[in-house]
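A.B. asks: Chains A and B, in that order, are what the protein sequence lines are. For reference, each letter of the first sequence is one residue, going 1 to 409 in UniProt numbering. For reference, each letter of the second sequence is one residue, going 1 to 370 in UniProt numbering.
Keep in mind that the hints were calculated from the coordinates and are not lab data. Backbone N, C-alpha and C define an ideal beta-carbon position, used for all residues, glycine too. Take these hints with a grain of salt, some might be off.
With beta-carbon atoms standing in for the labels, derived distance ranges [what the hints assert, rightly or not]:
no., chain 1, residue 1, chain 2, residue 2, range
1, A, P140, B, S173, 32 to 40 Å
2, B, D350, A, A23, 24 to 32 Å
3, A, Q332, B, E62, 41 to 49 Å
4, A, E82, B, T67, 19 to 27 Å
Selected chain B positions facing chain A (in silico; Cβ < 10 Å) [as the list claims (entries may be wrong)]:
no., residue
5, S24
6, Q128
7, P290
Now for the letters of each chain:
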Amino acid sequence: MSDPSAQKAKMKSAKKMRDLMTAYYIDALSAGQNNKRVAWITSGGPVEPLLAMDIIPVYPENHAAMIGSAKMGEDLCTKAEEMGYSTDLCSYARADISCSVVKGGPLGGLPKPDMLICCNNICGTVLKWYEVQARFYNVPLFILDTPICHTGYTPEIAKYVRAQIDEYIAFLEVVTKRKFNHEKMATVGKLSLEGQKLWQKVLNTTAHKPSPMSAFDAFFFLALIVTLRGTQIAVDFYTELVQEMEERIQNGISVVPGERYRLLWDNLPIWYQLKWLSGKFSEHNACLVADTYTSAWCGTIKYIDENRFLDSMAEAYTRIYLNIGVDQMADQVLEMIKFYDVDGFVMHSNRSCKPYSFGQLDIMGIVQEKAGIPVLMIEADMVDPRNFSQSQVETRIDAFMEIIKQNKG
Amino acid sequence: MEEIKIFRDAIKDIPTLASNIKKSHEKIVGYLCSYAPEELIYAAGFHPMRLFSSKSDIILAEDHLQTYCCSLVRGVLEDSLSGRLDFLDGTVFPHTCDSIQRLSDIWRMKGKYDLFWDVVLPVKLNTQSAKIYMKDVLNRFKTDLERAAGTTITDDDLNRSISTFNLIRSHLSKLYQLQSRNPGILKGEDLYSIVKGAMVMDRDEVARLLPLIVETLEKTSPPESRAKRIVLSGSICDSPGIYAMLETSGAVIVGDDLCTGQRWFEGRILENKDPITAIAERYMDRIVCPAKHMNPVVRGENIVALARENKADGVVFMLLKFCDPHAFDYPYLKEFLDNEGIKNMLIEMDDQQENLGQLSTRLETFIHMI
Ligand code: SF4
Ligand code: SF4
Ligand code: SF4
């Protein structure tokens with residue numbers, strides 16, 4: 001991952017994090033030489049059974065975020081368009097699809113998958129994207145179909161998803177020609193839950209005023225809970241990160257010097273503009289203390305039972321933030337506004353991500369009405385910079401901060 | 001033909017059509033997708049009506065959906081918010097694409113109509129557990145409909161509904177076969193009106209009229225035709241102008257891979273089985289839309305077979321702008337056709353502002369070249 005914000009460099013954990021991610025990618029890239037199998041999996045997919053089977057999980061979305069941060073998105077997205085993919089498609093998918101063909105990006109491409117695991121709890125895009133890759137690499141594809149819970153989790157959905165967990169395990173047994181390791185699964189399940197709780201703790205530290213870290217740091221530190229969820233590495237790392245944040249709080253270190261205004265961010269990061277954006281908000285003494293995106297990797301802890309991990313994971317993976325109704329999403333936003341005590345809400349209307357962005361205008365209305373705080377909507381795209389106008393965004397942020405200053409005095 | 005005229009007139013003015021239907025049916029239930037189980041709605045005594053955008057300017061929907069949402073979804077929301085769909089008693093949203101998924105939330109939160117259902121069908125259609133889930137969801141919908149109708153839906157009701165829809169769908173298949181065998185026997189616009197009419201008009205009337213049309217056409221001597229044979233592929237085709245344009249360019253439509261065409265009406269429901277199981281099986285087995293999963297190559301094989309069976313000279317992809325599922329499949333479908341040497345072209349459309357002039361030049365060029 002590239003270095004998105006200047007302040008982060010001052011955090012000890014940042015270097016550690018970079019080292020861990022490098023080690024992880026080296027491991028993944030040399031999987032073939034070590035007779036290890038590689039599975040590509042969606043960011044919200046159930047990774048734990050893979051770890052229980054010693055399969056290395058690789059996340060095209062995390063890789064696409066790296067492509068975005070490294071400002072290699074435009075080139076790869078354009079290449080996908082030359083292959084016939086419309087410019088209106090998700091830029092993670094476009095970047096990854098062309099990267100597979102041209103072996104581009106910061107790593108020269110991801111290791112070839114032995115299998116593909118697609119969980120559609122985040123969107124319908126991943127289904128199409130993984131079908132593309134299933135044709136390209138000609139490898140088995142497993143789809144975990146998690147019906148959207150517009151208004152709730154019905155018994156039919158519970159039964160269907162639970163049945164698929166068994167199908168998933170059977171699939172892994174067939175592909176690896178090995179028995180599923182239930183003992184290891186139990187350990188992985190515990191570590192996964194522990195990691196998620198620690199991640200939640202990390203995010204919670206920003207409720208403190210001033211905040212020891214920002215959403216920009218969370219975007220950076222997120223990579224481990226995504227890619228190494230279920231490992232001791234993630235647990236150890238986040239334990240230290242919590243400590244570091246607590247120390248910062250004790251020593252009165254804030255991430256935005258002279259923090260006066262606290263903001264909440266919605267939707268994916270604008271990966272190629274993190275540094276500029278974080279600088280821009282800092283100029284106004286504003287800290288983006290939390291976001292709806294990074295909390296998705298600890299948002300369903302309440303459904304997980306570590307002693308019945310496989311059973312409970314069906315519900316936990318189905319009821320994530322993007323797989324619920326817009327009104328429930330708005331409720332969660334309102335809770336965050338309260339918990340983090342924010343003065344304003346910044347929404348990234350992300351052309352790439354329709355399930356995240358459609359409904360935002362309704363959430364905006366609800367927040368304005370119920371929380372009474374100003375809301376700013378920025379039009380952009382997480383990886384493709386062609387949909388970002390810096391001057392326009394700058395003007396809008398300045399105007400938005402003016403209102404916040406007037407409100408707060 | 002008089003019967004065709006009924007279809008043409010009916011689709012011209014949907015609100016009037018709706019108010020006429022209201023005289024005989026208790027309630028009108030709308031939906032945007034061909035996966036909506038219309039058989040159940042009809043069996044409950046309600047009128048199932050597929051919704052199309054009236055293509056009016058987007059004003060009120062701007063407050064809910066960004067510009068990068070497909071024009072069908074934005075257009076139908078606009079129609080709803082501006083009162084053009086006030087004849088509806090309710091709507092059902094089967095799970096489809098991400099855009100309709102969020103439209104369902106916005107629609108429900110607006111709460112404009114008495115009735116509202118999400119019927120979250122499986123996305124994957126190739127496993128036993130998905131089939132069980134499909135049945136479970138249909139059964140739940142049936143119970144919900146019963147509650148709304150204040151009656152029970154008996155197996156007899158369901159079987160009657162199934163045979164009505166089988167009759168409608170098999171006659172639409174016949175019409176397409178006739179058209180493919182004798183291109184030009186039906187004007188493109190008539191074909192369009194009949195298919196669209198069959199999704200919005202009273203189904204008893206449709207079931208009465210279609211056999212008459214088929215019968216008359218079977219007796220009509222086929223016209224001389226040297227028109228180029230075209231297969232259309234995409235999501236919906238709600239642009240009668242396209243058919244006329246193809247005809248004046250010297251082409252005729254001999255088949256389609258549209259959710260307002262063969263994908264929707266091919267495939268019968270078995271009539272000698274438990275009705276819900278039979279309906280579920282049909283939705284599992286029908287020609288798949290790109291928002292659903294069967295296997296990674298099935299749509300490619302299907303489009304090639306469709307072009308071959310109909311001896312197509314070319315395939316025209318007609319995609320709605322911002323439609324993700326179709327845009328993801330396009331490069332691979334094209335590759336399958338290219339590998340077989342089947343000529344194809346892509347046109348991107350927007351319900352609101354069809355640039356038909358430029359389009360017609362491109363279509364003409366394509367048709368002359370194939
Ligand atoms: S950014 Fe949105 S559309 Fe793209 S893969 Fe992620 S959730 Fe899906
Ligand atoms: S293409 Fe298929 S999934 Fe999309 S709206 Fe049409 S019928 Fe529904
Ligand atoms: S046209 Fe495409 S994006 Fe629009 S509703 Fe149909 S499937 Fe969804």
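A.B. asks: Could you run down the list of hints and mark each one as holding or not?
C.D. replies: So, going through the hints one by one against the coordinates:
Between P140 of chain A and S173 of chain B the beta carbons are some 35 Å apart, a value that agrees with the proposed interval 32 to 40 Å. One distance hint, 24 to 32 Å for the beta-carbon pair D350 of chain B and A23 of chain A, is violated here, with the actual separation near 48 Å. Roughly 25 Å separates the CB atoms of Q332 of chain A and E62 of chain B, a value that falls outside the hinted 41 to 49 Å. Judged by the Cβ atoms, the range 19 to 27 Å given for E82 of chain A and T67 of chain B holds: they are separated by roughly 25 Å.
Interface restraint check: S24 of chain B against chain A, minimum CB-CB distance 32 Å, threshold 10 Å, status violated. Hint on Q128 of chain B holds. Least Cβ distance to chain A is approximately 8 Å, under the 10 Å limit. At about 7 Å, the closest approach between the beta carbon of P290 of chain B and any beta carbon in chain A falls short of 10 Å, and the interface hint on this residue holds.
Checked against the numbered hints above, the structure breaks hints 2, 3 and 5 and satisfies the rest.
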